[in-house]
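First residue of the sequence shown? That's 28 in this note's numbering, and the numbers climb one at a time after it.
FYI, nobody ran anything at the bench for these hints, they're computed from the structure.
Source: prediction; values computed, not measured.
Each residue gets a CB set at the ideal place from its N, CA and C atoms; glycine is no exception.
Just so you know, not all the hints are guaranteed correct.
[Unchecked claim] Label-pair distances were calculated between CB atoms; the ranges are: (1) W163 - D117: 16 to 22 angstroms; (2) R129 - G227: 42 to 48 angstroms; (3) L128 - L206: 31 to 37 angstroms.
[Unchecked claim] Here are the simulated DSSO-like pairs of lysine-lysine, each with C-alpha atoms no more than 27 angstroms apart in a straight line: (4) K269 - K253; (5) K228 - K253; (6) K278 - K253; (7) K253 - K279; (8) K282 - K228; (9) K282 - K269; (10) K269 - K279; (11) K269 - K228.
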Amino acid sequence: MALLGQRNLLAVLRSVPPGLILDGGSHGDILLPTRYVPAGTAPGATLDVFVYRDSEDRVIATTETPLAMVGDFAYLRAVSVNPRVGLFLDWGLEKDLLLPLRELASPLEPGDYRVVRIALDERSDRIIASARLNRWLNLTPPPYTEGQRVNLIVIGETPLGYNAVIENAHRGLLYHSDLAGALQTGERLDGYVRAVRPDGKVDLALDRAGFHRIPPVAEQILAALKAAGGHLALHDDSPPLKIRAALGISKKAFKQAIGTLYRDRRIVIEPTGIWIAPPNARSRRPGTEL
Numbered sequence: 028m029a030l031l032g033q034r035n036l037l038a039v040l041r042s043v044p045p046g047l048i049l050d051g052g053s054h055g056d057i058l059l060p061t062r063y064v065p066a067g068t069a070p071g072a073t074l075d076v077f078v079y080r081d082s083e084d085r086v087i088a089t090t091e092t093p094l095a096m097v098g099d100f101a102y103l104r105a106v107s108v109n110p111r112v113g114l115f116l117d118w119g120l121e122k123d124l125l126l127p128l129r130e131l132a133s134p135l136e137p138g139d140y141r142v143v144r145i146a147l148d149e150r151s152d153r154i155i156a157s158a159r160l161n162r163w164l165n166l167t168p169p170p171y172t173e174g175q176r177v178n179l180i181v182i183g184e185t186p187l188g189y190n191a192v193i194e195n196a197h198r199g200l201l202y203h204s205d206l207a208g209a210l211q212t213g214e215r216l217d218g219y220v221r222a223v224r225p226d227g228k229v230d231l232a233l234d235r236a237g238f239h240r241i242p243p244v245a246e247q248i249l250a251a252l253k254a255a256g257g258h259l260a261l262h263d264d265s266p267p268l269k270i271r272a273a274l275g276i277s278k279k280a281f282k283q284a285i286g287t288l289y290r291d292r293r294i295v296i297e298p299t300g301i302w303i304a305p306p307n308a309r310s311r312r313p314g315t316e317l
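Can you make the complete structure from the sequences, with help from the hints?
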C-alpha cells in the first residue's frame, strides 16, 4: 500500500501517454508524470517515489524528494497567502504545501520562515503543515539513553537555552551555559542526550565531550566545596558580595556554574547552601530531591 507523504517502492504496471501507472494498492493506480520517469523504465520495474496529492486532489507520484515528509519537523519559507485558506510554503516540490489558518500559531507573511510539522490532515486526507508544534510533540517517556547521538532541529530560544525537537518526536533543551555561541531557529544539528530527567525532560549537548567537561568556574566551586568539607553556605539568594568574597566570582557566574553542577548531579542544593553530591551522584541527599 502506498503511503501519502512518504517515499514508497511501487511497481510499474503500464505506460500511458501522460507517464507511468504505478500500483498504489488501496489508492489504486497512481500516475508518475513523464517528466519524472527515469530513462529506460518499463512495466515490471520498481521505482522509489514520493506520493502526495496534486492541485486537483489526485494521488500522484514524483521521483523528486521534498524538504520534509509526513512526520518531520522542518524550517520552511512562506511563498504566498490565501486569506481564506492559509499560507503556502515551499517544500521543494512543484505544488506548494498548505499551512492552514487554523494551524498558525502566530502571524506569518510571505518570505518569512517558520518551523512546522508536516502532517496528514484527518479532515481532507491531504498533506499539510502545522505551526502548532506542541500538539505534535511526543509526551510518552523518552526512550533515549545518556550519551545517545540524536538528530535535532532548533525550534526556539528560552531564558535557559534553546528548545529543540529530538528525532522528530520529543522536546529537549540545549543550555546557554553549554554552548560556544548562538544557535538559529530551524538549524539542524547532531547532538547527544545529556540526561533524561524523572519528569521526562531531556537535557542535550552538542558534543560528547560535553558530558564530562566542567567549566573552570564550576571546577573552582567543586574545589572550594572539597576544601570546606563538602558544604558551602552559598545559594541562589546569597548576596553578590558574599559570593565574591568567598569565591572571587560574580553571582551570575556562580549561578550558571552551580546550574551545570546540579544538572551533572555533582552537587545538591539546599536552603542552607550547596553540598557535594553523595558518591553515587545519582541518589538523593536525605530530605532533598535532586
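How the hints compare with the structure:
A hinted range of 16 to 22 angstroms holds for the C-beta pair W163 and D117, which are about 21 angstroms apart. Distance hint check for R129 and G227: the Cβ-Cβ separation is about 28 angstroms, which falls outside the suggested range of 42 to 48 angstroms. For L128 and L206, the Cβ-Cβ distance of about 35 angstroms falls inside the hinted range of 31 to 37 angstroms, so the restraint holds. At roughly 19 angstroms between alpha-carbon atoms, K269 and K253 fall within 27 angstroms of each other, so this suggested pair holds.
Taken as a hint, the K228 and K253 pair is broken in the structure, with Cα atoms around 30 angstroms apart against an allowance of 27 angstroms. Our distance criterion of 27 angstroms between C-alpha atoms is met by K278 and K253, whose separation comes to about 20 angstroms. For the hint pairing K253 with K279, the CA-to-CA distance comes to about 22 angstroms; that is within 27 angstroms, so the pair holds. Among the hinted pairs, K282 with K228 is consistent with the structure: their alpha-carbon atoms are about 21 angstroms apart, no more than 27 angstroms.
Between K282 and K269 the alpha-carbon distance is near 13 angstroms, which keeps this suggested pair within the 27 angstroms criterion. Among the hinted pairs, K269 with K279 is consistent with the structure: their alpha-carbon atoms are about 13 angstroms apart, no more than 27 angstroms. Proximity of K269 to K228 is assessed by CA-CA distance (about 33 angstroms); at most 27 angstroms being required, the pair is judged violated.
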